[in-house]
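Please build the complete structure, drawing on both the sequences and the hints.
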Amino acid sequence: MDVASHLSQIQAFTAVGIGLMIGLGALGACVGVGIMCSRFLEGAARQPELIPQLQAKVFLLLGLIDASFIIGVGLAMLFAFANPLLGVVVTR
Amino acid sequence: MAAEHAAAATELTPTSYIQHHLTFFTQPVGHGWQLNVDTFATTLVIAVLAFGFLWWVTRVSTSGVPSKRQAFVELLFDFVNDQVKGIYHGESRMVAPIALTTGVLVLFLNAMDFLPVDITSKAFELFGVHNWRPVPTADVNTTFALSLSVFAMMIFYSIKVKGFGGWLHELVSAPFGLRPLWMSPFLVLFNILFNLVEYISKPLSHSLRLFGNMYAGELIFMLIGLLAAAAVGWTILAILLQFAWIVFHVLIVGLQAYIFMMLTIVYIAMGHESH
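Line by line, the protein sequences give chains A and B.
First residue of the first sequence? That's 5 in our numbering, and the numbers climb one at a time after it.
First residue of the second sequence? That's 2 in our numbering, and the numbers climb one at a time after it.
If you're looking for bench data, these hints aren't it; they were derived computationally from the structure.
Please note that the accuracy of each hint is not assured.
Unchecked claim - Mimicking DSSO-like on lysine-lysine, the simulated pairs with C-alpha atoms at most 27 Å apart in a straight line are: (1) 86(B) <-> 161(B); (2) 86(B) <-> 163(B); (3) 203(B) <-> 61(A); (4) 69(B) <-> 86(B); (5) 203(B) <-> 86(B); (6) 86(B) <-> 61(A).
As the list claims (entries may be wrong) - Okay, the calculated bits of chain B under chain A, using three or more residues with CB under 8 Å as the criterion: (7) 13-26; (8) 212-218; (9) 253-262.
Said to hold, decoys possible - Here are a few chain A residues that sit away from chain B, every Cβ distance over 10 Å (derived from the structure): (10) 6; (11) 32; (12) 38; (13) 51.
This structure is a prediction, so every number in the text was calculated from the model and none was measured.
Virtual Cβ for every residue (Gly too), placed ideally from N, Cα, C.
Structure (structure tokens):
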């Protein structure tokens, strides 16, 4: 019973942690992409002849801004399916 | 963990399904080393096919009216060349080939993610191999190999352009400089710290961005597929979601290869700058 309560506590907190990682990461990424795209639209409205070049840069920056968020999602998935924190309980 | 895996081998639960699809086909090599044979073999085959195709097209190319294959390769070449010209202003003629190599290789390795994960694993099950991950760039080893190679090239070009002494001088004097002289010990400390952070974060972010995108992509495919295990209604939802995710993932595959290539060019070009 002791092991079960330990396990459930670790898994509960891990679940909350996963939610925070993905949620806060998504928040940051979306706000950043929104700001960048609003600047792109502004620039495109001022100088429509630059739209192709600006669009290429937009996609590049999109990938760069998404990077930390997706690394966070990868880590969250690691905790979801191969939780290293459970090793403490299982080995005992 | 071992007991969990032994139980999971016999019964099909969502967790065991996903863990089965996230396990590499590993073989021990030498003394205490392990090789992900699936990643290695797939990378070799894809590299031989992709670069073999490019090499073959250059061998049969004509300077008259080009065939469609030749026109395609010329388009690719021009695209990479334009990107390099816009960013790299040095003299080395190796930068554009490096960019083309990384771009093409990462694109085709990423494209392995288009194969449905269950079909490839069933096919390999026929040969007795129980775990086979088809996407090499979803393996940290591949992405770190690529990004550490780019990092090594960046340092190589830095030393080539500035000389070894010049590179060391830049390590301690950029970006804050060394004046005023009475502050120079602190400035040296700050400069080294800044440069250390930059040198650590560049290869790390370069590789983990690609890895994270491909790994999360594969995982979300599997998770949406698991929705279909619940009920018929959920299966219809899963079909719609899978379609949306596949379309988005096609964009991500191409985009991440493009970003990897652009950052390769940018890092090598930054290595050429002297302050």
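Tell me, which hint numbers fail for this structure? none
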